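*Asks:* Sequence:
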Amino acid sequence: DFYDWLSSTIGIIFKPARCGNGECEPPDEYAGFGRFGCVPDCGQFVQRTPVRVDLSPAWKSVPDGRDIKDLPLGVGDNTKMSFRWNVWSETMGAYLMAQDTDEES
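Just so we're aligned: 537 in the numbering used here is position 47 of the sequence shown, and the numbers increase by one with no gaps anywhere.
Because the hints were derived from the structure by calculation, they are not lab data. What you are looking at is a predicted structure, and each value in this text was computed from that prediction instead of being measured. The C-beta atom is built at its ideal place from N, Cα and C for all residues, glycine as well. Check the hints yourself; a few may be wrong.
[To be verified] Derived CB-CB ranges, DEER-like: (1) L545 to G512: 20 to 26 angstroms; (2) R508 to Y585: 22 to 28 angstroms; (3) L496 to T591: 45 to 51 angstroms; (4) L545 to R525: 18 to 24 angstroms; (5) G512 to R538: 19 to 25 angstroms.
Build the full structure now, drawing on both the sequences and the hints.
*Replies:* Here you go:
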């Protein structure tokens with residue numbers, strides 16, 4: 491009986507937070523931004539700062555009069571060059587975007 495009571499009591503007291511149940515339950519749930527937080531329950535995080543990332547791939551930065559093959563990139567004639575990127579957040583301990591993005595995004 492004691493274990494049944496303890497299990498039912500702990501289940502009520504320590505129920506896991508569930509985003510979307512209509513109740514903001516800190517510390518597991520917090521105001522959302524990007525892919526983080528729980529917007530349905532806690533709303534949008536209001537202190538957001540837009541960040542603009544300008545990246546210029548090497549093949550678009552070749553000085554006039556030079557050929558990309560002259561640069562020390564180890565790139566051959568038939569290589570399609572591309573890159574992917576993301577932004578690391580020390581605060582969140584994760585990348586801001588769920589997946590790396592390419593230069594066209």
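*Asks:* Take the hints in turn and mark each one as holding or not.
*Replies:* Okay, the hints, checked on the actual structure:
With their beta carbons about 41 angstroms apart, L545 and G512 fall outside the hinted range of 20 to 26 angstroms. In this structure, R508 and Y585 meet the distance hint of 22 to 28 angstroms, their C-beta atoms being roughly 24 angstroms apart. At roughly 48 angstroms, the beta-carbon separation of L496 and T591 lies within the given 45 to 51 angstroms, and the hint holds. At about 21 angstroms, the CB distance of L545 to R525 agrees with the hint of 18 to 24 angstroms.
About 24 angstroms separates the C-beta atoms of G512 and R538, a value consistent with the hinted range of 19 to 25 angstroms.
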